[in-house]
Amino acid sequence: NAGVTQTPKFQVLKTGQSMTLQCAQDMNHEYMSWYRQDPGMGLRLIHYSVGAGITDQGEVPNGYNVSRSTTEDFPLRLLSAAPSQTSVYFCASSYSQGMNTEAFFGQGTRLTVV
Amino acid sequence: GESVGLHLPTLSVQEGDNSIINCAYSNSASDYFIWYKQESGKGPQFIIDIRSNMDKRQGQRVTVLLNKTVKHLSLQIAATQPGDSAVYFCAENRAGGTSYGKLTFGQGTILTVHP
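These protein sequence lines map, in sequence, to chains V and C. Mapped onto the working numbering, the consecutive letters of the first sequence carry residue numbers 1073 to 1186. Mapped onto the working numbering, the consecutive letters of the second sequence carry residue numbers 14 to 128.
Excised from the complex, chain C in its bound form (with noise of 0.2 Å):
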């Protein structure tokens, strides 16, 4: 799960297994939450959002938990590929409104799928 520090939680699965990746949120006020996958030397790409009035969503291969008495978020990702390996990030919005441009990142989890 995110920590703080300079090194990047790790996580190593096997080709095929289910993968899960924690994160911690601070701001009991935040109210929209998303995973975002970043491949090294590219841009974070959007994976799936939540909503503060929902617990689960589900996409395709990936399901993202809300657990809002802990203030604690995962990132489910099914039959996990070698094209999964990445840094993923969760981020917030605690501007409590509508302003979803405005995002607080955790500092990511390094996934590595092994064949």
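Isolated chain V (complex conformation) (with noise of 0.2 Å):
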């Protein structure tokens, strides 16, 4: 069971450059995440998403754009890098049923944006 699978797990980017943060879940689960974390902080919400086809922002959204094609796949899109966005990034999956709720995140992508 591989549960939240996060590529890559490090990242350099120049300024201005674009890239994908992939996350996939293998658990079937309707609720993913996207969340930053900086340096002495708590994670920071960016998107996330109920289900597929339905997305929403988060606390600090500017600048990342998420889709939910499938159940399984959350993609983060930086479309133009900018130093502000160094940080590491952490998807996340949960699911909620009766009293029981599950939140697992992944390992994270270390970003540097230069």
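Don't take each hint at face value.
[Stated by the list, open to error] Computed spacing ranges between beta-carbons, pair by pair:
{"#": "1", "chain 1": "C", "residue 1": "K81", "chain 2": "V", "residue 2": "L1151", "range": "36 to 44 Å"}
{"#": "2", "chain 1": "V", "residue 1": "G1112", "chain 2": "C", "residue 2": "G29", "range": "23 to 31 Å"}
{"#": "3", "chain 1": "V", "residue 1": "D1098", "chain 2": "C", "residue 2": "K84", "range": "32 to 40 Å"}
{"#": "4", "chain 1": "V", "residue 1": "T1158", "chain 2": "C", "residue 2": "Q58", "range": "37 to 45 Å"}
{"#": "5", "chain 1": "V", "residue 1": "I1126", "chain 2": "C", "residue 2": "T125", "range": "37 to 45 Å"}
{"#": "6", "chain 1": "V", "residue 1": "D1110", "chain 2": "C", "residue 2": "A37", "range": "34 to 42 Å"}
{"#": "7", "chain 1": "V", "residue 1": "S1139", "chain 2": "C", "residue 2": "Q71", "range": "35 to 43 Å"}
{"#": "8", "chain 1": "C", "residue 1": "V83", "chain 2": "V", "residue 2": "D1110", "range": "23 to 31 Å"}
{"#": "9", "chain 1": "C", "residue 1": "K55", "chain 2": "V", "residue 2": "G1123", "range": "25 to 33 Å"}
{"#": "10", "chain 1": "C", "residue 1": "P95", "chain 2": "V", "residue 2": "R1149", "range": "37 to 45 Å"}
What the hints contain is simulated information worked out from the structure, not anything from laboratory work. Cβ coordinates follow ideal geometry from the N, Cα and C atoms, glycine included.
Mind docking these for me? Both chains are given alone in their own frames, and the hints should help you get the complex.
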């Protein structure tokens, strides 16, 4: 059981370049989210999805796009990278059934924009 | 406990002691809370959750307490072990509904367990 898989693990971009961070889950979870984590801070929500075809903005959505064409995949796109987007990015998936809820995070993508 | 600023709160304990990590949340409409553990270089790991209609929930060696009156959440770890050393985050769901993927995180507390 792979859980939540993020690729790549590390990436260096030049200012203005674009790229897509990949996230895939094999648990058939409804909910998927993208967070960024900066030094000394907690995770901040970028975008999230409550199901295929449905996405919404989180706390810090500017500069990022997402889509959810399938239940399994939730890619995060940086259209024009900026140094302020240097961060560690985490994808998460979760489900809720009655009193039982589980949320799983990927291992993260460490992005540096120079 | 949680605080605003660049330096994370820290808690140092001896192996075998009980640990208590605190978190204050701001939104009285939050109805779901989770504690996560994050080890260096890894993603957050789910520990335990609690809904707003409860004031206590127990897991294996962990207990979460929720005080809605003062908007306070705590995580108690019994018989703390060196493997418990990590950063601990509380998170709240402010959606007030079923969107459990939309969480707001605290800044974290560094727990260090000395053998």
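*Structure versus earlier hints, numbers of those that do not hold, lowest first*: Violated hints (numbers, rising): 4 and 6; every other hint is consistent with the structure.
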